[in-house]
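Visitor: Here are the chains, one letter per residue:
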Amino acid sequence: EAGVAQSPRYKIIEKRQSVAFWCNPISGHATLYWYQQILGQGPKLLIQFQNNGVVDDSQLPKDRFSAERLKGVDSTLKIQPAKLEDSAVYLCASSLGQGSEQFFGPGTRLTVL
Amino acid sequence: GEDVEQSLFLSVREGDSSVINCTYTDSSSTYLYWYKQEPGAGLQLLTYIFSNMDMKQDQRLTVLLNKKDKHLSLRIADTQTGDSAIYFCVRRGSGNTPLVFGKGTRLSVIA
Numbered sequence: 036e037a038g039v040a041q042s043p044r045y046k047i048i049e050k051r052q053s054v055a056f057w058c059n060p061i062s063g064h065a066t067l068y069w070y071q072q073i074l075g076q077g078p079k080l081l082i083q084f085q086n087n088g089v090v091d092d093s094q095l096p097k098d099r100f101s102a103e104r105l106k107g108v109d110s111t112l113k114i115q116p117a118k119l120e121d122s123a124v125y126l127c128a129s130s131l132g133q134g135s136e137q138f139f140g141p142g143t144r145l146t147v148l
Numbered sequence: 420g421e422d423v424e425q426s427l428f429l430s431v432r433e434g435d436s437s438v439i440n441c442t443y444t445d446s447s448s449t450y451l452y453w454y455k456q457e458p459g460a461g462l463q464l465l466t467y468i469f470s471n472m473d474m475k476q477d478q479r480l481t482v483l484l485n486k487k488d489k490h491l492s493l494r495i496a497d498t499q500t501g502d503s504a505i506y507f508c509v510r511r512g513s514g515n516t517p518l519v520f521g522k523g524t525r526l527s528v529i530a
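Line by line, the protein sequences give chains A and B. When we follow the working numbering, the leftmost residue of the first sequence carries the number 36, and every step to the right adds one. When we follow the working numbering, the leftmost residue of the second sequence carries the number 420, and every step to the right adds one.
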């Protein structure tokens, strides 16, 4: 069974630029999560989708971050404009349903210069 | 203080037992997990325990929960070099509440 796929694996941008990350969850998984993991810390939930609807985006900095899962499968996370403090690994996870075991992708490492 | 606290580093010799400790503040935590993160790899769920249990054993892994003290530990028996990784203590409440991660404990296994 294929795992959670993410791309790109690495991205380097300058501050004030825009960036987008893509996630393809495990087939059949209705719930999709985006996490931010800053160096030396544990992952922090940014947003949770159930199919194509947002369940929890309370920790998403909505002035610069946006995410969508239009068809209830793939998802994109965008940052516009990026700040230095956005440098982190962005992890995507999926689960069969809310509260089920989450399976994580390898992450996208973002460096903002 | 942090919601989930754990020591940042642990170094053990190959073949010894490793014990990683964690404390948490939210007494409504229903599920407690241990995740493993290896360089370049995604987070992997190692094991979990429900708050109504006090111990769970799974091969080389033993999880102990002291709910009164809000203390969780992970013991790895016969630690191998392949166990070198960052281990995250994670809690979750009931229903659809988010996972809350600690900062992780970096385990180094010396051959």
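Heads up, some of the hints might be wrong.
[To be verified] Using 20 Å as the maximum straight-line C-alpha spacing, the simulated PhoX-like pairs for lysine-lysine come out as follows:
#1 K97/A to K118/A
#2 K522/B to K455/B
#3 K522/B to K79/A
#4 K455/B to K79/A
Simulated from the structure, these hints should not be mistaken for laboratory data.
Visitor: Now, for every hint given, state plainly whether the structure supports it.
Guide: Now the hints, each set against the structure:
Annotation: proposed proximity of K97/A to K118/A holds, straight-line Cα distance about 14 Å (limit 20 Å). Distance check on the hinted pair: K522/B and K455/B sit about 12 Å apart at the alpha-carbon level, within 20 Å; holds. A distance of roughly 10 Å separates the Cα atoms of K522/B and K79/A; the hinted pair therefore holds under the 20 Å criterion. Proposed proximity of K455/B and K79/A is supported: the alpha carbons are some 16 Å apart, at most 20 Å.
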